[in-house]
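Peer 1: When the letters of the sequence shown are read in order and numbered with the working numbering, they come out as residues 5 to 608.
Where hints are given, some of them may not hold.
What the hints assert, rightly or not - As a list, the in silico SDA-like pairs of lysine to any residue whose alpha-carbon atoms are at most 20 Å apart:
1. 531 <-> 516
2. 530 <-> 512
3. 535 <-> 550
For the record, the hints were derived by calculation from the structure and aren't laboratory data.
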Amino acid sequence: MVDLRNGIDFDRLEAASGTMVHRGPDSSGSFIRNPIALIHRRLSIIDIEGGVQPMFNEDGSLVTIFNGEIYNFRELRAELQSLGHVFSTSSDTEVILHGFEQWGPDCVLRFEGMFALAVCSPSDNSIFLSRDRCGEKPLYIFESADVFAFASELEALQVLIGRALSPDPCAVYLYLRLGCIPAPFSFLDGVKKLPAGHWLQYRNGRSRTCRYFFPPASADSSASEDELSDELETCLRRSVRKMLAADVPLGSFLSGGLDSSLIVAMMASEGPPPQTFSISFPNASFDESRYAEQVAQSLGTRHTVYEVNLGDSEECLSIMDAFGEPFADSSAIPVFHLSRETRENVTVVLSGDGSDELFGGYRRYSAQRFLKPYLALPASLRRRVLYRTLSVLPERDVYYADSILKCAKLFMERAENIEDTWGLMPNTVFTHDGVTSLFPDLSPYRSLFGELDHFFQCSADPVQALMDLDQALYLPDDILVKVDRMSMRHSLEVRCPYLHPAVLELAGRIPLSMKIRGQSRKHILKKIAMKYLPRSIVSRKKHGFTPPLAAWFRNSDEQGIMNLFPVSIRKNAARTLVKLHRESGQDCSAKIFALAVLGRFLKE
């Protein structure tokens, strides 16, 4: 941080560091030279003895701290040495320093990794900040006339600032619509998130932000499917190989689905059988642990299954406090438990996150494709044609057809307003009218959605538009937030081979027709997986697991549920929602859960 008026408060620095012990339990370090201070918590993974932070260049003119990993640091180190740079450690941290010396802000274009980093020049009190391309690592920023502060978590930043900040109504509105708070917004007024793929330069009391990463804009129509498939396989194998670098125990999450199974298969082909981890839920309506065990047996991994009791709704709600701001994706709860148990064995795991967004894995993409011709029909014929189509589907596709039907109904309800095509996103919670029925004061914030219209206006293909939106919003602001906060709560580092920059670039060049073919999603990825995995694993539909929210809230006392909600909520509308869930059979559990989480942060 930089405090130009009051200088550095040492007690606040120590307190802020204490809030983030879980992100770096192995050591802590600080650099203080008024009006600048940097503090760092370290989870030691590469060059355990030499990679201490903050780290300085040779003459002390630059100092850096960073969270994450630079996977290509060895290649960059060799290049920088050839240019005359002298290294004193074997860590990836030092590559950041010399890279910034050599290339300035453009250094981040060369970094292949996940990171939130800061490079400071004490001579002029300037600070350079950046986040990785996809936003795997978080970075919050507060800026006023005299203070510039940043941190990996919101709680630490508020301690650094030294005063309470009010909730931002824009963020509350977006949270109730989306179930998460997208960058650059944060829950606290005056605090922003640096968006993924951006850097920020602070100097002389002013800052400027620049976007450095832009996803590939067009597919490669000249290459054949076999050529792109071979290139993708090579690219993924290289990504996995680079992410196996660690000086601590390493393994992989294994759900039994295509994405994680392919990663584990590639890990197994690179060396000794990897350690793999999954969880089992007793009495759950759907437990995928048996599929993970089948994959583990097929690949010969050293597999561990943890049996987890989820507890009650109050216990699960308390887990959501770890996000530091409202977050309504309840699938975070099993990730929390899996991370806690896995950390008992390893410090680093690989995961399959990012594959669905890049290669068309979500069922809603098929729904979006189906809806375009459906909406072209006269309104009087739509329902008749829809039901006739569903009636001739084979029995094995009933689950799929039912999902399409639900999406179709939702789309029909909202087709008049472009913002509500977001209804096909999995975590869309309330409509605008739903929000304002509960919180009338939030009505003016509907225009926030207008900034995202361009996803649907710039792409001729509605499926590609939805995938672009997922990569820009759902992936960085929901999926990766969930993975980072739940894993780092237990000092576990998660690496995502599908999000390596080379894979991102190649995925952008693969035509949509090679990703989604008829009802088959992730077509090109499945083609590769057939070389590594049994057909039964590749073709199996993945169901996933979320806590039994519907049953929890249906079996809870009505007033007890109401007590979870924010005090400022319109009571009659909230009670109607609870009654609708408890008495009509309609599932409103996601809405109730979102309000209950919000209630933990809006304590009036």
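Peer 1: Each hint needs a verdict: does it hold in this structure or not?
Peer 2: Results for each hint:
no., hint, in the structure
1, 531 <-> 516, "15 Å, holds"
2, 530 <-> 512, "17 Å, holds"
3, 535 <-> 550, "31 Å, violated"
In this structure, the one hint that does not hold is number 3.
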